[in-house]
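> Could you build the full structure based on these sequences and the hints that come with them?
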Amino acid sequence: MLKFDIIKRDGLARAGVIHTPHGDIKTPAFIGAATKATVKALTMKEMRELGSQAILANTYHLILAPGSDLIEEAGGVAKFSSWHGPMFTDSGGFQIFSLPDVKITEEGAKFKSHINGDKFEMTPESSMQDQWKIGADIHMAFDHLTKTEERKDIETAMHRTHQWLDRCVDEHNKLAEVAKKEGKDEQFLYAVVQGGTFNDLRAESAKYCASKNPDGFGIGGVFVADRMDEMLKTVNSILPENKPRHLLGMGQEPIDLFVGVEQGIDTFDCVAPTRMARNGSLYTLDGRINIKNAKYKHDFTPLMEDCDCECCRNYNKVYLHHLFKTDEITAKVLASIHNERFVVRTVDNIREALLNDSFQEYKQEFLSKYYRSL
RNA sequence: GCUGGAGUCGUCUAGUGGCAAUGACAAGAGACUGUAAAUCUCUCGCGCUUCGCGCUUCGUAGGUUCGAGUCCUACCUCCAGCA
Numbered sequence: 001m002l003k004f005d006i007i008k009r010d011g012l013a014r015a016g017v018i019h020t021p022h023g024d025i026k027t028p029a030f031i032g033a034a035t036k037a038t039v040k041a042l043t044m045k046e047m048r049e050l051g052s053q054a055i056l057a058n059t060y061h062l063i064l065a066p067g068s069d070l071i072e073e074a075g076g077v078a079k080f081s082s083w084h085g086p087m088f089t090d091s092g093g094f095q096i097f098s099l100p101d102v103k104i105t106e107e108g109a110k111f112k113s114h115i116n117g118d119k120f121e122m123t124p125e126s127s128m129q130d131q132w133k134i135g136a137d138i139h140m141a142f143d144h145l146t147k148t149e150e151r152k153d154i155e156t157a158m159h160r161t162h163q164w165l166d167r168c169v170d171e172h173n174k175l176a177e178v179a180k181k182e183g184k185d186e187q188f189l190y191a192v193v194q195g196g197t198f199n200d201l202r203a204e205s206a207k208y209c210a211s212k213n214p215d216g217f218g219i220g221g222v223f224v225a226d227r228m229d230e231m232l233k234t235v236n237s238i239l240p241e242n243k244p245r246h247l248l249g250m251g252q253e254p255i256d257l258f259v260g261v262e263q264g265i266d267t268f269d270c271v272a273p274t275r276m277a278r279n280g281s282l283y284t285l286d287g288r289i290n291i292k293n294a295k296y297k298h299d300f301t302p303l304m305e306d307c308d309c310e311c312c313r314n315y316n317k318v319y320l321h322h323l324f325k326t327d328e329i330t331a332k333v334l335a336s337i338h339n340e341r342f343v344v345r346t347v348d349n350i351r352e353a354l355l356n357d358s359f360q361e362y363k364q365e366f367l368s369k370y371y372r373s374l
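Residue 79 in my numbering is what sits at position 79 of the first sequence, and the numbering runs on without skipping anything.
Simulated from the structure, these hints should not be mistaken for lab results. Note that the structure is a prediction, hence the values are computed from the model and not measured. Here a beta-carbon is modelled for each residue, glycine too, at the ideal position from N, C-alpha and C. A couple of the hints might just be wrong.
As the list claims (entries may be wrong) - No farther apart than 25 Å at their CA atoms in a straight line, the calculated lysine-lysine pairs in the DSS-like style are these: (1) K243 x K174; (2) K332 x K36; (3) K184 x K212; (4) K212 x K3; (5) K79 x K133; (6) K26 x K45; (7) K133 x K212; (8) K40 x K112.
To be verified - Ranges between beta-carbon positions, derived for each pair: (9) R151 x D229: 15 to 25 Å; (10) I6 x N349: 17 to 27 Å; (11) N293 x K174: 49 to 59 Å; (12) P240 x E186: 18 to 28 Å; (13) I329 x Q163: 43 to 53 Å; (14) N290 x D200: 38 to 48 Å; (15) H114 x K152: 38 to 48 Å; (16) E365 x T38: 31 to 41 Å; (17) I329 x N349: 22 to 32 Å; (18) S82 x N349: 27 to 37 Å; (19) L285 x E230: 20 to 30 Å.
Next up, the structure:
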């Protein structure tokens, strides 16, 4: 069982430590998105230097290339990528559901590779097998999402997610037995709570997931951030307190991080910081700015005064603006370092605030400044 | 000087009688939440009461025509060849 120590509580919020075979994660924590076993535009060294404690790769992408067998042969994804720290893998459920031609049945999902059209099938069992080969510390159960917000669709998807969870747990336990005999590192499974925006479905899903006694929980299918507060409260009031909770895919807006932690979330992952960075949208304490805007052409100040990242310590907005306007690779590198650092640090600061009993003050101070223009 | 070719939105370019006129780039702005995203969208002659209307535009000046970036004449500039 995954070891998780809670060292401080404040309502549903908590600060703790997740102990994985590849190292500890002090929570709350932001987990960088390394979909194809790389954080876009950044090296693992840069990720470590900006304070990232763990990263999340994606099973869907890794089975398409280079394949889970190869990663197993390489000694697991942490070694493969030279990350050497704690890692998560997402199951592939989210990606597959977003493909145009996907056929979902009771058995699993049939889909075509977005790269070359090759036919693939993913089932709860195959997702578990692939995730074990990829070898991250923490796996997500293979879940079913829907594109609609209609209750009957969400309910159907949720029930299927639960049925699949049974199979994920069975397969995971089998694979864990085998790994134990072979003396390999433990790997852990998070169940994924679904239920859309319906609190009663979320509650049902949380109860079901908890009953399966996984190592932790992912909370998935959260697309409407402004109704996240109540939904997380419902879910996290039901989930067992002593297991970590990961909010899948949320973290573009700082308010999501504060609301998440306040309602009992321990870890986040999100592609937004690096994607925003590549597109020139950069976080500052006064809100996001688009560094490509003409007004920064003669702005010789740092991107953000109080930032300790490599970008802000060494470069100013004039230079960043120039790099973006001339489409230099370094623009994306520096911007990604900054955005990733910003989000990692914000969650780290939230942790500190929890430990210092100043969460509400920090939340108020941060959000009022960041969203002042709204 | 002669002969041939060419001058279209900041740049390159499409357009050879029928609606300010194609595409790319540049420029300006916006979007992005478990990454098919170093991506995508919008604006891009001027003005206005901007799902529309008015005005002015394809080197310059005339002309033919109901109508000209497009045809004709002259001129200007550039390019190539010949002197």
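> Work down the list of hints and note, for each, if the structure agrees.
Consistency of the hints with the structure:
The straight-line distance between the Cα atoms of K243 and K174 is roughly 22 Å, inside the 25 Å bound, and the hint therefore holds. Distance restraint check for K332 and K36: the Cα-Cα separation of roughly 18 Å lies within the 25 Å cut-off, and the hinted pair is therefore satisfied. In summary, the hint linking K184 to K212 is supported, as the alpha carbons are separated by about 24 Å, within the 25 Å threshold. Taking the CA atoms of K212 and K3, the gap is about 17 Å. The hint holds against a cut of 25 Å.
At most 25 Å may separate the alpha-carbon atoms for a hinted pair to count; K79 and K133 meet this at roughly 12 Å. Taking the CA atoms of K26 and K45, the gap is near 19 Å; set against the 25 Å cutoff, the hint holds. With a CA separation close to 23 Å, the supplied pair K133 and K212 stays within the 25 Å bound. For the hint pairing K40 with K112, the CA-to-CA distance comes to about 24 Å; that is within 25 Å, so the pair holds.
The beta-carbon spacing between R151 and D229, approximately 20 Å, falls within the hinted interval of 15 to 25 Å. Evaluation of the 17 to 27 Å hint for I6 and N349 yields a pass: the beta carbon distance comes to about 19 Å. Between N293 and K174, the C-beta spacing of about 55 Å keeps the proposed range 49 to 59 Å intact. P240 and E186 have their C-beta atoms about 19 Å apart, which keeps the hinted 18 to 28 Å range intact.
Range check, I329 to Q163: Cβ separation about 46 Å, and the 43 to 53 Å hint holds. Distance hint check: the CB atoms of N290 and D200 are about 41 Å apart, consistent with the given range 38 to 48 Å. Between H114 and K152 the C-beta distance comes to about 29 Å, which lies outside the given range of 38 to 48 Å. In this structure the hint that E365 and T38 lie 31 to 41 Å apart at CB holds, the actual value being about 35 Å.
Remark: the range hint 22 to 32 Å for I329 to N349 is upheld by a beta-carbon distance near 30 Å. At roughly 28 Å, the beta carbons of S82 and N349 sit within the given window of 27 to 37 Å. A beta carbon spacing of about 28 Å between L285 and E230 agrees with the range 20 to 30 Å that was offered as a hint.
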